[in-house]
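Chains as they are written, first to last, in my numbering: chain A, 1 to 389; chain B, 1 to 301.
Rather than coming from a laboratory, the hints here were simulated on the basis of the structure.
Cβ atoms here follow ideal geometry from the backbone N, Cα and C, with glycine treated the same way.
Hints are not guaranteed to be accurate.
Using C-beta positions, here's what the derived DEER-type ranges look like [stated by the list, open to error]:
#	chain 1	residue 1	chain 2	residue 2	range
1	B	E294	A	P114	19 to 27 angstroms
2	B	K151	A	D341	34 to 42 angstroms
3	A	A44	B	E279	55 to 63 angstroms
4	B	D253	A	R220	25 to 33 angstroms
5	A	P323	B	E294	58 to 66 angstroms
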Amino acid sequence: MKQTLVTGNEAAAWGARLARPDYIPTFPITPQTECIETLAQWGADGELPDTYFDKMESEHSVMSAAVGAAAVGARVFTATSSQGLLLMHEVLYIASGMRLPIVMATVSRGLSAPVTLWSDHNDFLDQRDSGWLMFHAENNQEVLDTVIQAYRIAEDPRVLLPVMVNMDGYVLSFTDEPINIPSPEMVDEFLPAYAPAHTIEKGRPITVGPPVLEDYSIFRAQNHVAARNAFEVIEETQDDFEKIFGRRYHMVDEFMLDDAELVLVTQGSMSTTAKAAIMEMRSEGIKVGLLRLRVIRPWPAGAIVRALKDAKAVAVIDRNLAPGKGGIMFPEVVETLYHLDDRPLVSSFVVGLGGNPQTEVKIKEITSKLKEDLVSGQPRVEWNDIEEM
Amino acid sequence: MQEFKNLKDLPEQDYFTGGSSACAGCGPSMELKLALKALGPDTLVVNASGCMTLLPLYPNTPLKVSWIHNAIENAASTAAGARHGLDMLGEKDMNVVVFAGDGATYDIGFASLSAAATKNERIIYICYNNQSYGNTGFQWSTATPYGCETKTTPRGKDNPIGTTDVHKDMMKIMGAHRVYAATASLAYPVDFLNKLVRAKERGGFSYIEILGTCNTGWNFDPRLTVKVSRLAVQCGMWPLYEIDKGLLTLNKDFQELKPIDEFVKIQGRYRALPQEGVEKLQALINEHWAQLKEYNGQRYV
Chain A
1 MKQTLVTGNE AAAWGARLAR PDYIPTFPIT PQTECIETLA QWGADGELPD
51 TYFDKMESEH SVMSAAVGAA AVGARVFTAT SSQGLLLMHE VLYIASGMRL
101 PIVMATVSRG LSAPVTLWSD HNDFLDQRDS GWLMFHAENN QEVLDTVIQA
151 YRIAEDPRVL LPVMVNMDGY VLSFTDEPIN IPSPEMVDEF LPAYAPAHTI
201 EKGRPITVGP PVLEDYSIFR AQNHVAARNA FEVIEETQDD FEKIFGRRYH
251 MVDEFMLDDA ELVLVTQGSM STTAKAAIME MRSEGIKVGL LRLRVIRPWP
301 AGAIVRALKD AKAVAVIDRN LAPGKGGIMF PEVVETLYHL DDRPLVSSFV
351 VGLGGNPQTE VKIKEITSKL KEDLVSGQPR VEWNDIEEM
Chain B
1 MQEFKNLKDL PEQDYFTGGS SACAGCGPSM ELKLALKALG PDTLVVNASG
51 CMTLLPLYPN TPLKVSWIHN AIENAASTAA GARHGLDMLG EKDMNVVVFA
101 GDGATYDIGF ASLSAAATKN ERIIYICYNN QSYGNTGFQW STATPYGCET
151 KTTPRGKDNP IGTTDVHKDM MKIMGAHRVY AATASLAYPV DFLNKLVRAK
201 ERGGFSYIEI LGTCNTGWNF DPRLTVKVSR LAVQCGMWPL YEIDKGLLTL
251 NKDFQELKPI DEFVKIQGRY RALPQEGVEK LQALINEHWA QLKEYNGQRY
301 V
């Protein structure tokens, strides 16, 4: 298959184009804008005959329009980032509560104030309780592939939940990478047209989004069940995807874990840097490996336990910060391992806020510190980027 | 679709049936019931959070048409998405009709409304204007008229007037969007429904604002809802007019307006308004009415 150089934004746009959505509501925000501009141009060029490309006056309206279109049975795509994702926040809960299989690419960028255009994961992780399924891609190929997979997962009757596919701003969104763009025929084979069981249509009136009284908790519980049903559906989807496209993805991405004593837990594009550092450290005889969190919701506790249970020490590297608490994913990983009889030591590192680069040198430093922690038996909590303050 | 000649001409079929949780004497629910007679069964109502959100209460609904409630500030955008979704799926003859209060329209949902109108989305946007945040118990919105007491503009020693701001001229703003904009009243149902017919036939975006006469918030006897609605028109508090492509048509002209006193004295929300406040309210109404008379049949915005 031919390889093409595309940015992360273009990869997301390609994923959307191949999924042939009925409706794409949009609003620009750096560093996502190129994604919707690409789709707008394709629309103007007649390359999206099955799609209505719409422009809205805010991200709040983007998600509201997405809800309106999905509620009448349309397949919907959109993209956003940072402040825009936060402006959508209210409607994200409504989309998942209404069980609407919207797919959205998110491009991570640090949150104001002060303003940064560069990437960290606070915007994405702020949505972790919104009821959306959440994927975080490592590279542009994975962005495209996951957008296509996301529709299969979202529209499965066992799931019926919206899906977010995240990539890191700049590092992926604006960086060309060589990727395979699948043929439309292959994607059509993998992804059938959306045929919703319950939707607003002529001759069959339904009510969407009414108030409830004591049944509220039942609806919330159904959301939880649906999100947990996604485990099975994600696995099946990966099987079918591999059969057609020859690429395999997992709930978590395991790298050199077989005999690893030290394990770095990462998210997003810094995983690629960390993998390069790990290969160098391996050549120096350090038994280090990596676990990349690919699916954030539903939380793949089983896969994480299987991957980390034999490690001696784990460093959770958070590219985010909950002020007054610490890294966001650190406690999630710790609670996942807590019930193991022989659980590894877990240290926390908060790094790379607002796009501070994650170099191989930094990854090696973290690994050395983790090794020290293993010797001392004392896990650490460290804000790597700001410790000198 | 033909315009209606008189009340006998209205369809008997109702798509808003019994069992709603609306207050006795609720204007907006009667207005929706009327609107659905004109719009028919192939209608999706897009509701913004407010009193009417409580019409369906899971697992019951008094409605025989489809209904979606998203949030308070996004009915126009939700409707735009639904419109395009339906169009793309070949359901072009479904009506998409917003039914939203004034808070959701004038205030928090104004940006989304303005964008949908600018894009001339094929939506009929009905604002039922009860001149307040009614469902939360009658607080001030930018549609609240001068001199009206609300829970967030209470009268007191330092402020005997209550609402000292003059409400937003929404019709002018919507008229400036180059769409069809019209006011309507529960007391003039044929006029209201014909405006819906015109909106539908015209295609594109239409804005119809109906006085959402609210006996609990305005504090009057629920038997008087239609009378209060009629008085509002006769006093010039709620003139009936339409703006199409910038041109103004006054639909209900009067040689002389009834004094605003008649409207004010039967409602608790104005009861303690001092005479100077009543006079200022009358002056504001006179000014607006004179403007409408002056521009009737001419370019207004």
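A quick look at each hint next to the structure:
Taking 19 to 27 angstroms as the suggested C-beta distance range, the pair E294 of chain B and P114 of chain A does not conform, at roughly 52 angstroms. Between K151 of chain B and D341 of chain A, the C-beta spacing of about 60 angstroms breaks the proposed range 34 to 42 angstroms. Range check, A44 of chain A to E279 of chain B: Cβ separation about 58 angstroms, and the 55 to 63 angstroms hint holds. For the pair D253 of chain B and R220 of chain A, the supplied restraint of 25 to 33 angstroms is violated, since their beta-carbon distance comes to about 55 angstroms.
At roughly 59 angstroms, the beta-carbon separation of P323 of chain A and E294 of chain B lies within the given 58 to 66 angstroms, and the hint holds.
Hints 1, 2, 4 from the list above are not met by this structure, while the remaining hints are.
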